[in-house]
Each structure stands twice: as structure tokens, then as C-alpha cells.
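> Given only the sequences and the hints, what does the whole structure look like? Please build it.
For the sequence shown, position 45 matches number 44 in numbering that gives the first Met the number 0, and the numbering has no gaps at all.
You may find that some hints are simply not true.
The calculated lysine to aspartate or glutamate pairs, modelled on EDC-like cross-linking and capped at a C-alpha distance of 16 Å, are [claimed, not checked]: (1) K358 with D310; (2) K145 with E307; (3) K358 with E380; (4) K358 with D286; (5) K96 with D297; (6) K96 with E308.
Rather than coming from a laboratory, the hints here were simulated on the basis of the structure.
Since we're looking at a predicted model, the values are computed, not measured.
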Amino acid sequence: MTMVEELATFVVRASYDDLSEPAREQLKIRMLDALGCAIGALEGEPARLVREQVEEFGGNSRCTLIGGGRTAPDRAALYNGALVRYLDFNDSYLAPKETCHPSDNIGAVLAAAEYAGRSGREFLTALAVAYQVQCRLSDVAPVRAKGFDHTTQGSYAAAAGVARALGLDQVKTANAVAIAGTALNALRVTRTGALSHWKGLAYPNTAFGATHAAFLAKRGITGPAEVFEGNKGFMDAIAGRFEINWSTEDIERVTRTIVKKYNAEIHSQSTLEGILEIRQQHDFSADEVVQIDIETFDVAFHIIGGGEEGDKTVVRTKEEADHSLPYMVAVAVLDGRVTPEQYRPGRIARQDVQALLRKVRVRSSETHSRRFPQQMSCRVEVALRDGRHLATEKLDYEGFHTRPMRWATAVEKFNQLSTPYVTSGLQRQIVSAVADLDTVRVADLTALLGRVQSPAAPRAARQKAGRSTRRRHQP
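Spelled out as C-alpha cells, the structure:
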């Protein structure tokens, strides 16, 4: 049996009964967290542009778009996935040499589950499968150092989750995973240098492709059975040799994923908690700051601190800002928070933050690096003009797996992000539906998500109507 066949057997055999109570709770927290991120992103420029494309190209109305409207499953996976990802506020998983965002799979798995008329239990099972596949491949087959993006492992995860939600058998599931894994190998340049919209759209595009692959497999299209171990396959061409015994895998990995407390790249979370604690405990202004020194682990340094993935003191866009530790620390000192507001163009361009971020020095520490990923340790020190040196050390933050986010905190975050678009009554209904996913159908939840007021939907509808009018009046 090939590895993809073993993986397919694991996917098909997975059951809701295999999930522990803590895993079920964490899946619901991740779901509510992701929906808050999605609703809070409705006015984001990339989301608006993707929505316009979905509206123009159309598709059978089989699946709900968050914010209203319906479309084909693969396009729902793309758009809803883009919403979940845009704010860069959704969950993460830390492997020794790879970081991913498993809730990036939600758009695809939700669309497939709605299409197939699944129960909430079946949806949670399929989502747990996607989490397990992505996290475990990140553990044993990291690709970042080879120049490939974490969405590469995500192609296998999204296809596995969609196949499980659709109820495909072992053969068709293997084909779905093989097609997606062969076709969707992405370059790490997405997250290096000057960052673009694609940072937030790379995984939604993978989810779109993986959903498409699963539906092709559903119809009988076959894929390369040796996608993992074959000549020029994933191991040979990208990851190198690795082993994973899918027959012994559980679906509990969600309990090792982590949730963001701050709207910032995941490796910054403990540093931001530290700088905000210093700010709260001591009376100083940004004008008094001479220098801020950050000691962190090597992964954080290379991705957001100015290491191998580029200079982080040149910050002009939202995508550059939420991947710049100097910017995030500076805006935390100035504003006392790091939320979507801190990434508005006018805030990024202001001289106060642009000046202060250049006083932030980031360096890698061997001590902190050894502790990662079991801990997210760092040291933060602020030097002031009056000679004071204010410092703190952190091992984790609220939301890390050692200090898991509680349901009440997840509800608070959801409400904060969704308030501009959702009435308090609808907020309570969505929260209740997620809390009761064990007993409701996916369609009950998606019906509520379709009632969210998206500023993009009416605009797209008007544009569509305008095009239709022009066509009717053409000779």
C-alpha cells in the first residue's frame, strides 16, 4: 500500500467518537475564532476583489458565502478561506521547522460539508482530519528551508478534509489527495521580501484547488498513487525521506494548535504580551524610548525580525506590517493594542510609528531557540532617556497550548471582530450554533453566516446587475 493509500484509509476511518472532549472543545473554539476573523475581514481589499471575481464568474448556488450570496463549492472555499486568512488573526501550529495555520482549511471543509448536507459532527470530524494531516506533515516533512511554502503540506490536508466531508471512499480519497499534492506546490517567496496580497491568498488558493481536486476524484478522476514516495514525488523532489504511520495516528492534534491574542504574526505573540505588560506597569511615553531590544528564538528572528526573510524596517502595507516585529512592537507601545485598526494605511504611514520601529532591535538567542516550539520564549527590554531599563521575560502567552484560550475569551474576540457587520442577536445565534455543532447541521450554521451584512456583497450585486443591463441593451 502506498503512503497516500494509507493516508486515505486514515481519513475514511476517522470518527467523531475518536475525538476527546478537549479536542471537540478546541475545534469549536478554532471555528468561532476563524469566523470572527472572517467577518472582521469583510472590508479588506483582497476579500473585496476575490468577491468581485466570484460574482463575475458565477457558479451553481450550492454553498453559502459569508456575508451573503451563494456559489459553487470551490469558489466558496476560496472566498470564505480568504476571509478567514486576511487579518492574519487565525490560529497556528508550531513544528520545529515549519509553521502553519490549520484553520485555513475551514473554508474548504465547510463548503464541502454544506454541499453534502452533513451534520455538525461530521463537519468537526472532517475538520479534525484536516488539522491532523497538516500538522503532522509539518512535523515530519518541513519544506520552508527548501524554499517551499507551508501551503504545500496544506494541499494534502485540505483535500483530505474535503474528501472526508464529502464522504468519499478510500480509493477516491487517495485520488483527491494525490491530485492536490501533485498540483499545488507553492514557493516560499510568498512570505519573503516585499509582501503582497498573496500572503493572505496563497492558502485560500490551495483550498480552492484541493476542493476542485476532491470533486474531480469524486467523479472518478485518478491521481498519481506514488505522490509521496515515487520517482520525482514529494519526498524525492521537495521534502526528503520521512516516515509517518497513518494507522496509528489519532485526530487530536488540534489540542496542540494555538490561538492568537493579538492581530499579529504568530511568533510575535509572547513578545507583544511582554511589551504591553511593560507599558501597563510603567509610566513612559514613546518619546522617552531610546531603544527596544528583543531577544527571541531563531524562527521568529528569520521570519519577522529581519533575518533570512528580509529587512523588517521597511513597512508600507498591511502585509508588511503584520510580518514586521519592529512595527508590531512600536505600534503596541504607541497605541496599547494590536488589532486590525493598527494595520490601516493611515496608521502604518504615520511618522510616530515609522520613527519608533527603527529603534527596535531584534536578535536571535540560542537559549530561546532551544526552547522552541515547546515554549515561545523571549526577552523584552526598553531603554529610556532617564536611564531606566524596563525588562521582562516570557515563556508563552495567553492562547498558547500551555495557556489555552477559554471559550469565553473566544466569544469576546468573535464579538469584537464581528460587531461592525453583525447584530448582537445574530452574534448570539452564531455563537450558539458553533457551541452546539454536535447537535445541529452545517446548513443551520451557514444560513446564519449568509445573514451577515457584507459591504462587498451589495456592491458586487450592483456591478453584476449593471453588466446584465448592458448585455440586454446590446444590439
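> Regarding the pair K96 and D297, is the alpha-carbon distance no greater than 16 Å?
holds (10 Å)
> Would the pair K358 and D310 pass a check requiring their Cα atoms to be no farther apart than 16 Å?
Holds. K358 to D310 sits at ~14 Å (cutoff 16 Å).
> Within a Cα-Cα threshold of 16 Å, do K145 and E307 meet the stated pairing?
At roughly 13 Å apart (the allowed maximum being 16 Å), E307 and K145 satisfy the hint.
> Would the hint linking K358 and E380 be met if the CA-CA limit is 16 Å?
Between K358 and E380 the Cα gap is close to 12 Å, so the pair holds against 16 Å.
> Is the straight-line distance between the alpha-carbon of K358 and that of D286 16 Å or less?
Answer holds: K358 to D286 is near 11 Å, not above 16 Å.
> For the pair supplied as a hint, K96 and E308, confirm whether the alpha-carbon distance does not exceed 16 Å.
Judged against 16 Å, a Cα distance of about 14 Å means the pair holds.
Checked against the numbered hints given earlier, this structure breaks none of them.
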